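Numbering (my numbering) for the sequence shown: 6 to 112.
Derived by calculation from the structure, the hints in this document are not laboratory data. All of these numbers come straight from a predicted model, not from anything done at the bench. Some hints here could point you the wrong way.
[Unchecked claim] Computed Cβ-Cβ distance ranges for the label pairs, DEER-style:
{"#": "1", "residue 1": "V44", "residue 2": "A12", "range": "47 to 57 angstroms"}
{"#": "2", "residue 1": "E108", "residue 2": "P57", "range": "17 to 27 angstroms"}
{"#": "3", "residue 1": "R72", "residue 2": "I15", "range": "14 to 24 angstroms"}
From the three backbone atoms N, C-alpha and C, an ideal C-beta is built for every residue, glycine too.
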Amino acid sequence: MGSLFLAAPIALWGVLSGTALRLLMRLRCGPAGVPDRIVQAGNGLIVRASRPHDEWSDRVAFARDGRLYALHSAGWGREGSRRCYEYRLTPRPERATVRRVVELDGT
6 MGSLFLAAPI
16 ALWGVLSGTA
26 LRLLMRLRCG
36 PAGVPDRIVQ
46 AGNGLIVRAS
56 RPHDEWSDRV
66 AFARDGRLYA
76 LHSAGWGREG
86 SRRCYEYRLT
96 PRPERATVRR
106 VVELDGT
């Protein structure tokens, strides 16, 4: 019986904290379904997303308009009054190894 009194509050805390985190992320960054925004920055690109892309890394190549880009940096940024996750992409070196290609088709 004692384990029920311990397990129930822990389970309730897990549900409430997950819901609170999703609500906080929605308030800060907007709804999760918003497509990524792509901005030309010099010879590279800036991709602004409402949620982080966990699968994006330096081993992934990004394709847009027939060119390949590499991940230079990732972190929190701002777009107007909202926070967003910002990826800076630079042109990929010609002879670099490509594990996977992600097609960028945002606005």
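Tested hints:
1. About 48 angstroms separates the C-beta atoms of V44 and A12, a value consistent with the hinted range of 47 to 57 angstroms.
2. A hinted range of 17 to 27 angstroms for the beta carbons of E108 and P57 is consistent with their spacing of about 19 angstroms.
3. Checked against the hint of 14 to 24 angstroms, the pair R72 and I15 fails, with Cβ atoms roughly 50 angstroms apart.
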